[in-house]
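Asker: Given the coordinates of chain A, work out where chain B should sit on it, guided by the hints.
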Amino acid sequence: MCLAVPMMVRSTNGFMSTCEAMGIKREVSLFMLQDEQIAPGDFVLVHVGYAIQKVSPTDALSSWELFDEILAANA
Amino acid sequence: MQQTAAYWLEKIQHLELPNRVRIMNVCGGHERTVSATGLRTALPARIELIAGPGCPVCICPEEDIYAAIQLALHEPITLVAFGDMLRVPVNLPQREIRTLLEARAAGADIRAIATPLEALQLALAEPKRTVVFFAAGFETTMAPVAAMLAQGAPDNLLLLLSGRRTWPAVSMLLESDNPGFDALIAPGHVATIMGADEWRFVPERHNIPTAIAGFRANTLVAAIYSVLRQIIGNQPFLDNCYTEVVRPGGNSYAQSCLARVLGIVDANWRGIGIIPTSGYRLQPEFQQHDVQAHFPQYADASRKRVGKMPAGCDCARVVLGRINPNQCRLYGVACLPAQPVGPCMVSDEGACRIWWSNGIRNNLRAGTRKAATHG
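So the protein lines, in turn, are chains A and B.
Here the working numbering runs 237 ahead of the position in the first sequence, where the first position is 1.
Here the working numbering runs 9 ahead of the position in the second sequence, where the first position is 1.
A portion of the hints provided could be inaccurate.
Quick look at which bits of chain B chain A covers, simulated, 3 or more residues with Cβ under 8 Å [what the hints assert, rightly or not]:
#, region
1, 35–42
2, 122–131
3, 142–156
4, 198–211
5, 257–265
Under 8 Å between C-beta atoms, here's a sample of chain A residues computed to sit facing chain B [stated by the list, open to error]:
#, residue
6, 239
7, 240
8, 264
9, 266
10, 268
11, 269
12, 271
13, 272
14, 282
15, 284
16, 285
17, 287
18, 289
19, 290
20, 293
21, 296
Think of the hints as simulated: they come from the structure by calculation, not from any bench.
Please read all numbers here as calculations on a predicted model, not as lab measurements.
Glycine residues also receive a C-beta, built at the ideal position from the N, C-alpha and C atoms.
Chain A extracted, bound-state conformation (with noise of 0.2 Å):
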């Protein structure tokens, strides 16, 4: 259950964002990353719709890797 996915933000509106992965866009909350700069093009860490952690880009991409070989495994 703790499972959570890099996604690029989009946008941005006060704490909620819309954020997309592998072409799947979802509202994510921001309230947990007050401390942390997030703008659009930045990359969040998300697990059940809230932020929970900035990622590098390239940690990013090398992450939905993993998910396209879970997705792969679970076919």
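Answerer: Leaving out everything else, chain B in the frame of chain A:
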């Protein structure tokens, strides 16, 4: 630049290992990577990878699931929960309603949600409807639940709180006569919230080599290499192999949400019992959201096997890493993903479900022939 899993595996092959090394993970995500990549067979036979307490659905108190079912059946409320919870059976005879999914089929308003935000939106959209959020999860999940309340939720949103903290379970194992492991892979996303330092007690107080790992094979194998080196050098310390997101102190704002909204209590783990300081309760400021204050009558301690795992089910020992999933006599025989008996076969984080999904069909207790017929 990060090294590949093959690089670390090669280095592990050249280590002079003791005869037996038991490395425990405490995260369903780690177990999924281990199983999906076939890491157990790629590592030297002396290394045993053990799936420990890493599934919050698996240890969610049976009495809480029972209360959720009864509430949804008998009160004019909407009950929301993460999808995994809907299929976990409680200890009632088969003819009775034993899961939230069955309660929904019987007419109860029960909905699966993917985020606390959905519970909030539902409560905001219909102020006259009482929405009960049955919230199970470890620290990673409870921080968003706390954040949702800290940000402000209407009084018609109630919580049935079944969240648990991971380190007290590891501490309980370490304090026992037989911890059952020689090294620990600490959970990467719990540590993202709570900080790497929360796991210092394992090497420093118990001399157990520890490494925090991410979820890709390369960081997981790097963490395994780290604890092996610690064992060989007899120098246990806390290694952080997931520095991309895990800071020594974690996410301090998330922790401040947790502290403001939730207090710490001793709490029951299904089939295991009370683990000191392993659970949460709402702080006095948030008591209006406590479902038990509104509906105290749904706790029924008089049922048979209340709080226990189902009869014949070895989930409790699987959760504690005492046995492997396929050492339970029900694994793949009476207990399958489509008709689970125990919670470890229900949840995507459950070790039994993960092993089955990755093709492990041999039941070491029941014999391979019987298990294999269920394909």
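Asker: Any CB of chain B closer than 8 Å to the CB of residue 269(A)?
Answerer: Check passed: Cβ of residue 269(A) comes within 4 Å of chain B, closer than 8 Å.
Asker: May I ask you to test the interface hint for residue 293(A) with respect to chain B, counting a Cβ-Cβ separation under 8 Å as satisfied?
Answerer: Hint holds; residue 293(A) Cβ to chain B Cβ min 7 Å, cut 8 Å.
Asker: Report holds or violated for the interface hint on residue 268(A), using the least CB-CB distance to chain B and a cut-off of 8 Å.
Answerer: 5 Å, holds
Asker: For the region 198–211 of chain B, do at least 3 residues have a Cβ located nearer than 8 Å to some Cβ of chain A?
Answerer: Coverage by chain A holds for the region 198–211 of chain B (4 residues, Cβ < 8 Å).
Asker: Please verify that hint: residue 287(A), Cβ, nearest Cβ of chain B, below 8 Å or not.
Answerer: 4 Å, holds
Asker: Using Cβ atoms only, decide whether residue 289(A) comes closer than 8 Å to chain B, and label the hint accordingly.
Answerer: 5 Å, holds
Asker: Classify the hint on residue 266(A) as holds or violated, based on whether any CB of chain B lies nearer than 8 Å to its CB.
Answerer: Interface hint status for residue 266(A): holds (6 Å vs cutoff 8 Å).
Asker: Should the interface hint for residue 264(A) be scored as holding, given a Cβ-Cβ cut-off of 8 Å against chain B?
Answerer: 7 Å, holds
Asker: Return the status of the interface hint for residue 282(A): holds when the least beta-carbon distance to chain B is below 8 Å, violated otherwise.
Answerer: 6 Å, holds
Asker: Is the interface hint satisfied for residue 284(A)? The criterion is a beta-carbon contact with chain B at less than 8 Å.
Answerer: 5 Å, holds
Asker: Does residue 272(A) pass the interface hint, meaning its C-beta sits closer than 8 Å to a C-beta of chain B?
Answerer: This interface hint holds because 5 Å falls under the 8 Å limit.
Asker: Would the hint on residue 239(A) be counted as holding, given a Cβ-Cβ threshold of 8 Å to chain B?
Answerer: 4 Å, holds
Checked against the numbered hints above, the structure breaks none of them.
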